[in-house]
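Which chain is which? The protein sequence lines are A and B, in order.
Numbers in the working numbering are just positions in the first sequence, counted from 1, shifted up by 2.
Numbers in the working numbering are just positions in the second sequence, counted from 1, shifted up by 234.
Straight-line alpha carbon distances no greater than 30 Å define the calculated DSS-like cross-link-like pairs of lysine-lysine that follow: (1) A/K129 to A/K150; (2) B/K305 to B/K401; (3) B/K437 to B/K274; (4) B/K437 to A/K150; (5) A/K129 to B/K437; (6) B/K437 to A/K83; (7) B/K305 to B/K318.
If you're looking for bench data, these hints aren't it; they were derived computationally from the structure.
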Amino acid sequence: MAETVLALDELTVRFRLRRGDLTAVDGVSFSIERGQTFGLVGESGSGKSVTAKAIMRLIPDPPGEIPHGRVLFEGSNILDKSDTEMRALRGRRIGMVFQEPMSALNPVFTVCDQISDALRTNLGLSKAEARERVIELLSLVGIPSPQKRLDSYVHEFSGGMRQRVMLAMALSCNPSFLIADEPTTALDVTIQATILELITGMIERLGMSLLFITHNLGVVAHACDRVGVMYASHIVELGDTREIFANPQHPYTVGLLNSIPRLDGQAKYLTPIAGSVCNMMDPPSGCKFHPRCSHAMDICRREIPRLKEIAPGHLAACHLHDRGTA
Amino acid sequence: MSELKADKLVDGTLAWRAPPPPLVRRIATTISNVWYELRKSRTASIGAVMLVLLFGACIGTPWLATHDPIKQNYRERLQPPSEKHLLGTDRMGRDIYSRLLYGGRRLVTIAVVAVTLSLVVGVPFGVLTGYFGGLADTIGMRIVDGLLAFPGLLLYLLFVTVAQAWKFEGVMLDVVLVGALALAGMPEKARLARGSVLAEKQKEYVEASRAVGDSPARIALSQILPNILSPLIVTATVRLGFVILIVAALSFLGLGTPPPTPDWGSDLSAARDYMETHPLIAAFPGLAICYTVLAFNLFGDGLRDILDPRLAER
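Starting from the given sequences, assemble the full structure and let the hints guide the process.
Shown next, in the form of structure tokens:
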């Protein structure tokens, strides 16, 4: 059994807003083993990014709070750590790549200053050492002639290059775990593939684990070992990527897969999921997906389905499977 | 460019690296870059030229002055401009040109120190309260509100009157004045900094620097602060002109350094008695005040046009 790097245990994140409480992440549990890539998929607003921020403890408080649940990183609960301990963890042990390479880099600093800042505060390198390391990192993430680009400002880089810089920054202090929050969403399609290759290649080469957040199923199929599908703050299906793509068990996952264009001509038309994401301020009772689900039954309106193991390592939260097993 | 030499091969491309330019050339480049930016606004370039002349005169005073500014000469009192006395002499026979130079030097120094001090205190105060928010913000901003509620002029009058009552003289009096001006300028800087920080801290790069493990104070002062400098620079520049006007007004009212010291405000005040017979004596200090305030205001307004991208394309 491989070593577990990160384990979420019933993580719940709630925002106390003026209009009422909003539960953005509700009882989410999954674990990531060393060297593994875990994909978290879901529509906008399903709670993927909030989960990532909760792991980094970047949820602003107030209004956010974590009423219960644990985030176990290398065996210890991140949520119990002090701010100082947490700061030591960020960057050095857990790196993060953000969605918007345009805004996640500080516009007034050169690339070198920006990356070496973390190196110098976290690892205590001298200015010259940090500079050498930045050159190394930039060539690692595939920026051509890093010596020349070192003293450029962020606005002098293209989107894809900025995302490389982001990645270099996240990797700068050798973290053992990387969170990539939709790293390819803001890029154009050809660059997406390159960056994706780069990230997965990097993970393999450096023996890191990765939490990959995306709404792009194609990216998941390509990059991830295991997948969690999120819908309206819950994980509705969890399992190995192959298994989930071959044998989806939750109606939402089925719907998602049916709404991807296919090249093999299996379906002539795309089948979109009817309706739209529920209002999280006033979520439906029972299964959050039931208003859009074609299999909805009475019990779906009353009870929230729990995640149940359907096949070894494959879990789904749907009442349809109660009937099957009962 | 003949000194270019080939660096090592990096990723198959030949990287060229120029040797580091000598200091003189670096300064020249900086100046030409600054001038290039300034030329985008005519207001700013006029202001800049006026300021360069002003600061040049302040720095060069000991060499530019032709007479001792305090030495009286009753045989040459109330003289019109001549070769010996470029701008004539006042009622005590002192050389007006030299007095203007020395007075300006002191006035500009007071204003620059006061505004710098208010920036040094006010900006970090505003940045930190804005970044941390919550209770720190509430308490900090109430202090600032309290200071803002005090009319500036009243504050200066209070400080200077008390200082005079305590028999403060010369430099000590100037120090008190600088303190009062800095205190009165602080709330404005703090508020401005706080407002900009509130907008800036929502940006993703702030979260990104938290994600690499920077401490809150470090994020506030070394990541956010450089991003909000432009409105602060503009306010500080405009404020300089205002402060000069205030100091001149105070000494015009007799609340500055007492008479023998050259001072535009008190010289102007003393010249009032001779307005009908020798109007030039009053005109020169008045013009000097006008010129200086105008220089700072033009430069400040021009800077605003250059630094604010929303106004840039007009």
